[in-house]
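S.K.: Sequence:
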Amino acid sequence: MGYDIVRMDENGKQVKIEDLGDENYFRWNIFGMGRTRDLAAWGVGAMTNEEIGLSVGKSANTKISSMSDMLAQIRESFSTPKYSEDVPWGNAFVHNGEEVSGEACAQFADALQAAVDKIFSSPVRPDIDLDYTMQFIEYLRGSPNGVFVG
Numbered sequence: 214m215g216y217d218i219v220r221m222d223e224n225g226k227q228v229k230i231e232d233l234g235d236e237n238y239f240r241w242n243i244f245g246m247g248r249t250r251d252l253a254a255w256g257v258g259a260m261t262n263e264e265i266g267l268s269v270g271k272s273a274n275t276k277i278s279s280m281s282d283m284l285a286q287i288r289e290s291f292s293t294p295k296y297s298e299d300v301p302w303g304n305a306f307v308h309n310g311e312e313v314s315g316e317a318c319a320q321f322a323d324a325l326q327a328a329v330d331k332i333f334s335s336p337v338r339p340d341i342d343l344d345y346t347m348q349f350i351e352y353l354r355g356s357p358n359g360v361f362v363g
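Oh and the sequence shown: position 111 is 324 in my numbering, straight run, nothing missing.
Treat the hints with caution; some may be incorrect.
Unchecked claim - Computed spacing ranges between beta-carbons, pair by pair:
#1 D235 to P339: 23 to 31 Å
#2 Q348 to T261: 25 to 33 Å
#3 S281 to E316: 16 to 24 Å
#4 I230 to H308: 19 to 27 Å
#5 S279 to D340: 20 to 28 Å
#6 G266 to I243: 26 to 34 Å
Keep in mind the hints are simulated off the structure, nothing from the lab. The structure displayed is predicted, hence computed values, not measured ones. The C-beta atom is built at its ideal place from N, Cα and C for all residues, glycine as well.
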């Protein structure tokens, strides 16, 4: 389960993907995308330090001991975050089957970059794969026609 993200062409159509390594394709699992949305919100001040700490800690330390625990975590991952009305990209990157504009991709990339800059300027390093996050920022910046989130 997750988010298969495909660049759109200048006609608003999905670019054909040749393989999983295609430069027009990016993938997040459901938990990574939720954490990424939270990081971007934190980057623009829509989440406090305490809230992002709880979010990152929760996703890193979640133990699934039953099917109901797993389903609850999946349900939460696909829910619209509370801060969605407070961020420039709104509800983007929340649901499968959505198109995200090039403008929203750029706003999201800028917010993620702000979060990464905050992390690099801090002596505390959260348990986050920043290399993958940086790859996603570059992917978004290279998506002027938007993306399809499948």
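S.K.: Now tell me if each hint is right for this structure.
M.R.: Here is what the structure says about each hint:
1. D235 to P339: 23 to 31 Å: 30 Å, holds
2. Q348 to T261: 25 to 33 Å: 27 Å, holds
3. S281 to E316: 16 to 24 Å: 39 Å, violated
4. I230 to H308: 19 to 27 Å: For I230 and H308 the Cβ distance comes to about 20 Å; the hint holds.
5. S279 to D340: 20 to 28 Å: About 24 Å separates the Cβ atoms of S279 and D340, which means 20 to 28 Å holds.
6. G266 to I243: 26 to 34 Å: 21 Å, violated
In this structure, the hints that do not hold are numbers 3 and 6, in rising order.
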